[in-house]
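Residue-level listing of the chains:
There are 6 protein chains.
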Amino acid sequence: MRNDDREVNELRNVTIETDYVKHPEGSVLISFGDTKVICNASVEDRVPPFLRNQGKGWITAEYAMLPRATEQRNIRESSKGKVSGRTMEIQRLIGRSLRAVVDLDKIGERTVWVDCDVIQADGGTRTASITGAFVAVVIALGKLVKKGSIKELPITDFLTAISVGVLPDGNEILDLCYEEDSKAQVDMNVIMTGQGEFVEVQGTGEEATFSMKQLQKMLALAEKGVEDIIKLQDEAIGEWADVIRAKSGVTK
Amino acid sequence: MRNDDREVNELRNVTIETDYVKHPEGSVLISFGDTKVICNASVEDRVPPFLRNQGKGWITAEYAMLPRATEQRNIRESSKGKVSGRTMEIQRLIGRSLRAVVDLDKIGERTVWVDCDVIQADGGTRTASITGAFVAVVIALGKLVKKGSIKELPITDFLTAISVGVLPDGNEILDLCYEEDSKAQVDMNVIMTGQGEFVEVQGTGEEATFSMKQLQKMLALAEKGVEDIIKLQDEAIGEWADVIRAKSGVTK
Amino acid sequence: MRNDDREVNELRNVTIETDYVKHPEGSVLISFGDTKVICNASVEDRVPPFLRNQGKGWITAEYAMLPRATEQRNIRESSKGKVSGRTMEIQRLIGRSLRAVVDLDKIGERTVWVDCDVIQADGGTRTASITGAFVAVVIALGKLVKKGSIKELPITDFLTAISVGVLPDGNEILDLCYEEDSKAQVDMNVIMTGQGEFVEVQGTGEEATFSMKQLQKMLALAEKGVEDIIKLQDEAIGEWADVIRAKSGVTK
Amino acid sequence: MRNDDREVNELRNVTIETDYVKHPEGSVLISFGDTKVICNASVEDRVPPFLRNQGKGWITAEYAMLPRATEQRNIRESSKGKVSGRTMEIQRLIGRSLRAVVDLDKIGERTVWVDCDVIQADGGTRTASITGAFVAVVIALGKLVKKGSIKELPITDFLTAISVGVLPDGNEILDLCYEEDSKAQVDMNVIMTGQGEFVEVQGTGEEATFSMKQLQKMLALAEKGVEDIIKLQDEAIGEWADVIRAKSGVTK
Amino acid sequence: MRNDDREVNELRNVTIETDYVKHPEGSVLISFGDTKVICNASVEDRVPPFLRNQGKGWITAEYAMLPRATEQRNIRESSKGKVSGRTMEIQRLIGRSLRAVVDLDKIGERTVWVDCDVIQADGGTRTASITGAFVAVVIALGKLVKKGSIKELPITDFLTAISVGVLPDGNEILDLCYEEDSKAQVDMNVIMTGQGEFVEVQGTGEEATFSMKQLQKMLALAEKGVEDIIKLQDEAIGEWADVIRAKSGVTK
Amino acid sequence: MRNDDREVNELRNVTIETDYVKHPEGSVLISFGDTKVICNASVEDRVPPFLRNQGKGWITAEYAMLPRATEQRNIRESSKGKVSGRTMEIQRLIGRSLRAVVDLDKIGERTVWVDCDVIQADGGTRTASITGAFVAVVIALGKLVKKGSIKELPITDFLTAISVGVLPDGNEILDLCYEEDSKAQVDMNVIMTGQGEFVEVQGTGEEATFSMKQLQKMLALAEKGVEDIIKLQDEAIGEWADVIRAKSGVTK
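Protein chains in written order, with the UniProt record's numbering: chain A, 1 to 252; chain B, 1 to 252; chain C, 1 to 252; chain D, 1 to 252; chain E, 1 to 252; chain F, 1 to 252.
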C-alpha cells in the first residue's frame, strides 16, 4: 500500500487554475497533490540571436523554487550567484518538451518565455511544470490568434508529463510524492503527446538498475496517467481543446 | 481624483491570508490591491558567524519577484548571476525593520529567514513585504513558544509599512499603486510600530525636491494608513495580538 | 558632552580641496574631520542605452573605500567579485541626489560619472561623498560651459548632505563621527538644497525606534549643518556660486 | 545507407588505451571513431561534507571539451566564468551512472574524481566518456586493492553507454557520429550493465516524437552495441575482468 | 648532477607532433620530457572590437591544464568560475610573444586563437606552450596562404621559449623539470627569435635574489637551448621553414 | 630629447610621504612625477591556510587604480565582478618582490597585507607601488618591533623597483612616463636590492624584440636609478635605515 492509500496507478488530486496572475499572457497554478507550481507564459516580440531573420519563433523555459517550497529551506540561486545543475536540467527539459508540440514556424519571430516557479514542493515538480506550462502556452498563443497576430493555433498535440518509479519492494507506481520519490530505486519521467507518442523518456537508477520488464511496466503506468491528465488539460484550455484535437486526431 | 477613485488617504483593498504554503513555520499571502506577496518565515537553529556563542538570534530577509510579476518580464536574478542594487536595498530594509520589534536576545541562537516573493506587482511591494513578513514572523515565533522552545513571544510591538507620495499636481496621497508611483514626484516609505514610533523613514525626490510641509503631510497620511493596517494584522495573528498589545501598550 | 568636545549642533572641521588629481574634469578631496573622500567627476560623450537619442544626459555614481580606510582592513570588493548591498545603496543614493539639482535636459547626450573613493573613514562617508561630489560636478560642468559645449551651467541649486542622529542618552546630534555613529540609536541622512528643500531623508532605527518629536529635532539640526556647509561649497566653486544663487534664489 | 557505410547496428572503430597520462590513478584515452576522450580517475582521501563520518565513499565526474575539439571553436567555460547546462547534465549523468556499479560502502571515506576531457569530438562524447570512465575507475580502484587500502574490487558489474537514434528516413541506428546526430529526429543514450540491466535511459525527440515501437527497436540496438563494447572493456581492464564477471555473473 | 642525469645545458627529450587533432587549422602535441601540451591554432574571420576596420589582425592565447595533469588534482577553473592569476599571466605571455613574430598587418581582419592545453605537466609548461604554439600558428597561417586568403606567410622569424634557473647549489641549469623547478632559487623564462633577439625575459627570485653574473650565465644557457629547439621546429613546419629563414636571415 | 627635458638616465621628481592615512600600520603616498600611489601595509594576526601552524608569516599585495587615475575613465573592477589579468600580474609581482627581502620566519604567524592604490597614473605605477610598499612594510614591521611583538626588524635589504625601456629612436631611457611608455618598443621592470642583486627582471618587446646589448644598457640604467631611489627610501624610513644597512652590508 502507498503511504497516502493510492492505487499504484492512481494520480494524486490534480487541479489546474488558469488566469492565476494578471500580467502574463498565459498564467496557470497547477497542483499535483501538495506540489504547486505557478506556470507563466510570456510572449516577447523577438527571438534569440541564433534565430534572427529566419521568420520562426522560439520557446524557452526557466524553473525555480521558492526557498521554502521544501521541508528544508534552500539557498536562493540568485544569492549563490549561479543556477544549479539540477535547475538547468529541468529548464532545458521543459523547453525542449514544449518545442515538440509547438510549430515554431507559425509563431513568427517571437519568443515564448515559460516561467515555472514552484511555490510548494512534494515530488514531481518537473512533470507538473511541463503539464502546467503546456496549458499556459496554449492560452498565451490563443491570445495571439484572437488578436490576429497569428492565423491559427500553432499547437500540434497535447503535451503531458508524469513521473513513474519502482519502490524498494519492487512495485512500479505512478505519480510519486516526495516521500516515495526519496526512497524509490528507479525514477522515470515520461513526457507524452495526446496521441501517445513519446517526447522524452528519462529513467534513472540512482545506485540501482532496472530491467526491460520494469521499464515496460513503468511506461504502461505513465500512459495511463497521461490519459487522465489530458482530460484536465482539456477542460483548462476550453475552446482551444477542439482545435488541438482536430489537428492531432486525438479523440475525447 | 485618483485613477481608482480612492480618497487621498484611502488604502487599497488589503488582505492577509495565513498558512499559505505548508512547509514554512510562518506563511502569509498578503495583497495590497493587485500587489500580492508570499511572505514565508523559516526558523533555523543556528546564527551567522558574527553572532555565534552570544546566546542571541538574528532575523534576515530575502526579496524577489517572479519574472512576470510585472507588466514587462524581468530577467531572473539567478540567471543574471547577481542580485540588483534595488533588491539588496529592499531586503536590507525588511530585515532591519523586523529586527526593531523582535527581541533578538530572547529567541536563542536561531535565525529567522524571511522570504518575500512577489507573485504579482502593482506598486508598494516593499511595504507589503514588511507588513506581511511581520505576520509570518509572529506566527513562526508563536510556534516556538507553543513547542516550548522559547518562553514568551519576543515581539515588542506591531510593525507596519506603507508608502506615501506627492503626485505631480501637488497632492499628497497614501498607498500608491504602480501607475501613481511611476509618475509621483516624491516617494516615501514609512515603517511604524503600533505605538506610532518610526522605525524607518525614507523619502526620495527623483529629479525633484519636497518641503518640510509636504513631509509633514505625508507622515500624517502614513500614520492614518498604519492604523488601518494594524487592525488587519491583529486579526491575522489571532491569539498573539493580545500578547503584543499587552507588551507594547497599544490599545485596540 | 560629545567625545570630541563638539556642541550637538557643531560640524567637524570641513575642508574642500579642488583640482586634487589631474585627469578628471572635476576633482575634489573633501574632509569631514578624519573622513576623507576623493570625489572625481568624469564627462563621457554618451548615455546609457535607455536614454539614447532623447537629447538628454545622465549622472551616475560609484562609491568605494580603500581596504584600509577603516580601522579593520576590509576585503576589496573586486576580490570578492561583487559589490556589497551597502555600497550599492550608497552609490544609488549619490546618483539620485545629484540628479535632483542637475537639469539633465541641458547637458546633452553626456554621462557624468561621479567616483567617490573614501581614502580614510571616520563616519559620514556617504554624506561627505554627496557634498564633495556636488562640487566636482559643478566644476566639470563649468568646464563644458567654458568650452562652449553647453550654453549655461545646468545646476538648479546647491546640494548638501549631512548626518544627524540620536545618542543612547537621547540627545540629537549633528555630523556623527564613527564612534558616535556606532553607538547611535537612530541614524539619519538628510540631503537638502540651498533653498532648504529636501532631496532625500533616510532615518533608520537599528533595533530601536524614534518619535515624531525626535524626527523634527534631527531635521532642524540638519538644516543648520547644511547652511554651514553651503558656505564652504560656495567658496570651492568660485565664480559658479553666483550663477547658482541667481538661478535658485538662494542668498549669501 | 549511413554516411560512413556502416550497418545500422554497427559501432564505429572503438579503441581504449590505458595509462594514457602518468599522474592519475586510472587514465584512459577512449576513441569512438573520431571522438576522442581522455578519462582520468583520481582518488582523494576524503569525501564531500554530506558524507563525512559515514564510512562510505563517493564518485563524482567532471566533463569538458577543449575549445577546438569541435568544428567551430567554443568559448572556454573558464573564460565565460560558468559551466553550461549541457556540461552540468553530462557530468551529473557520468557520476550517477558510475555510482550504480560501484559499491560505495566498500571504498572507504574516499572520493573518486573522474575527469572526462574531450580532445576531439564527432558525436557520442557523453557515452564515450562513461564507457572510458568505467575503465579508468576500475584501474584506479584496482590499484587501491593492490596497495591493500581496500580488500576487494568494489565493482558490481560492467558499465557501458551507447547512443542510438532515429534518422529522418525513419531508420533506427546505433552509435551516431556528429553528422547523423545533428540531423536525427530522436536521440537516445542508453547506459547498461554487463547483465543487460538499464542504469539510465534518456530518449529525446527535439521538435519530434517517437513511438513505443521505435523505442523498442532503439533499445535492442543499444543492447547489441553494449555487448560489443564490453568485450573491449574486458581487454582493457585485464585481470580485473574476471573479478567483475565472477561478481556479476556475466559470462564471456 | 641533475636528477635525470642531464648535463646542465642539456634539454629533455623534445618532440613535436603535428596534425594532432583534426578540426583546428594548426594542431600540435609538443613534449618536453613528461610535459605534454596540445597547442591548437584556430583562425576566426573577425577581430576584437578595438581593432575593427583597421585592416589588421590579432593573435590571442588561452592556456589551461587538465585537472590531473599534475601530481595533485587541481580544481577546474570553470568550476571555480574564474581564471587564476597564474593562468592569466601565462596566456598573456603566450599571446604577446607570438605577436612579436607575426606581421599582424598581413593577416587581414582575422583573429588567430591559440589554445594551449596541458595534458601532462612536469615543469616548463609555459615555455613548451609558446614553442608548440609557434608551430601551430605557422601551420594555420600556411593554410591561409595555400587557400589564397593571404599572399605570403606573415611570420618574421622563429619563436622559441625555454626555462633556465639556478639550483640551491648555485648551478645554472637549462630546461627545468618540475622537481628542479620546485626547489630552484631563481626561475627564468626566456623567449627568443631565430636571430637570437629577446622577445621576453622574465627572471624571478622567489624569496631569493640573483646577481648580474648569474643572469648572464642563465641567458647563455637559454641561447644554447633555443638553438637546439629551433632545429625541431624547423622539421615540424616543413616547407615553411625556408620561407621564414629567407625573411629573417636565420641560417640552418 | 625626452618630452619633459630629462636626461636618459634621470628620474622624475620622486617623493615619499609617510603616515599618509591614519588607520594602517604603515601608510605611504609615493610620487614619481605625476604618478601617485597610496601604499598601505596592514598587519593581520593570522596566515593563509597553507601556512597554518608553521610558525612563519606571509606578505601579500593588492593593487588597484581609481577609475579616473587615467586619462580615460576605467571601469571599476568591482563593477565588472572580476580582476583583470594585468592587475593580477602586478599584485603577484609586488607580493613576490617584498617576500624576497622580508624574513618570513621572523614575523610570526602574521600576514602583512599591502594595498597599492593608484590615485593618479602617469606610467610606472607598478614600480612606484613596489618602491612605496617597501617603505610602508618597514614602518609596519618597525611598529611590531617597538610593541615587542617581534624581536628585530625582519628586513634583509632595501627593495626598489624602476622601469627602463627603449624608445623608437633606439635610445634606452630610465623611468618612463606614460607618454614614453606608450610608444616604447621595449619595456622593462627591474626590481633590485640595496646590494645590487636582482629580485625580478621583466623585459618585454610588444610586437618588437631587443638585443643582448640593449638588455645590458637597460640594466645599467636601472642600477643607476635604484641607487638614487634608495636615498629617498633611506630618509623615509628614518631610524630603520641603519638597521637594514647593518644587516645587508649596504653603505650610504
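There could be a bad hint or two in this list.
Same chains, same label: a pair holds when it works inside one copy or across any pair of copies.
Think about it this way: if two alpha-carbon atoms lie no more than 30 Å apart in a straight line, the pair counts; the simulated DSBU-like pairs of lysine-lysine are [as the list claims (entries may be wrong)]:
hint: 1; residue 1: K82; residue 2: K247
hint: 2; residue 1: K151; residue 2: K80
hint: 3; residue 1: K224; residue 2: K146
hint: 4; residue 1: K224; residue 2: K213
hint: 5; residue 1: K82; residue 2: K146
hint: 6; residue 1: K106; residue 2: K147
hint: 7; residue 1: K213; residue 2: K82
hint: 8; residue 1: K151; residue 2: K213
hint: 9; residue 1: K217; residue 2: K146
hint: 10; residue 1: K217; residue 2: K82
hint: 11; residue 1: K106; residue 2: K82
hint: 12; residue 1: K22; residue 2: K183
hint: 13; residue 1: K247; residue 2: K183
hint: 14; residue 1: K82; residue 2: K22
hint: 15; residue 1: K106; residue 2: K183
hint: 16; residue 1: K183; residue 2: K252
hint: 17; residue 1: K80; residue 2: K231
hint: 18; residue 1: K82; residue 2: K231
hint: 19; residue 1: K82; residue 2: K224
hint: 20; residue 1: K231; residue 2: K213
Honestly, the hints are just simulated from the structure, not real lab data.
Results of checking the hints against the structure:
no., hint, result
1, K82 x K247, "neither (41 Å within a copy, 42 Å between copies)"
2, K151 x K80, "neither (44 Å within a copy, 35 Å between copies)"
3, K224 x K146, "neither (34 Å within a copy, 46 Å between copies)"
4, K224 x K213, "both (17 Å within a copy, 18 Å between copies)"
5, K82 x K146, "neither (39 Å within a copy, 38 Å between copies)"
6, K106 x K147, "within (15 Å within a copy, 42 Å between copies)"
7, K213 x K82, "neither (40 Å within a copy, 40 Å between copies)"
8, K151 x K213, "neither (46 Å within a copy, 35 Å between copies)"
9, K217 x K146, "neither (43 Å within a copy, 43 Å between copies)"
10, K217 x K82, "neither (38 Å within a copy, 40 Å between copies)"
11, K106 x K82, "neither (34 Å within a copy, 34 Å between copies)"
12, K22 x K183, "between (39 Å within a copy, 22 Å between copies)"
13, K247 x K183, "between (41 Å within a copy, 25 Å between copies)"
14, K82 x K22, "both (29 Å within a copy, 27 Å between copies)"
15, K106 x K183, "between (44 Å within a copy, 21 Å between copies)"
16, K183 x K252, "neither (36 Å within a copy, 34 Å between copies)"
17, K80 x K231, "neither (40 Å within a copy, 38 Å between copies)"
18, K82 x K231, "neither (38 Å within a copy, 41 Å between copies)"
19, K82 x K224, "neither (38 Å within a copy, 41 Å between copies)"
20, K231 x K213, "both (28 Å within a copy, 25 Å between copies)"
The structure is inconsistent with the numbered hints 1, 2, 3, 5, 7, 8, 9, 10, 11, 16, 17, 18, 19, although it conforms to all the rest.
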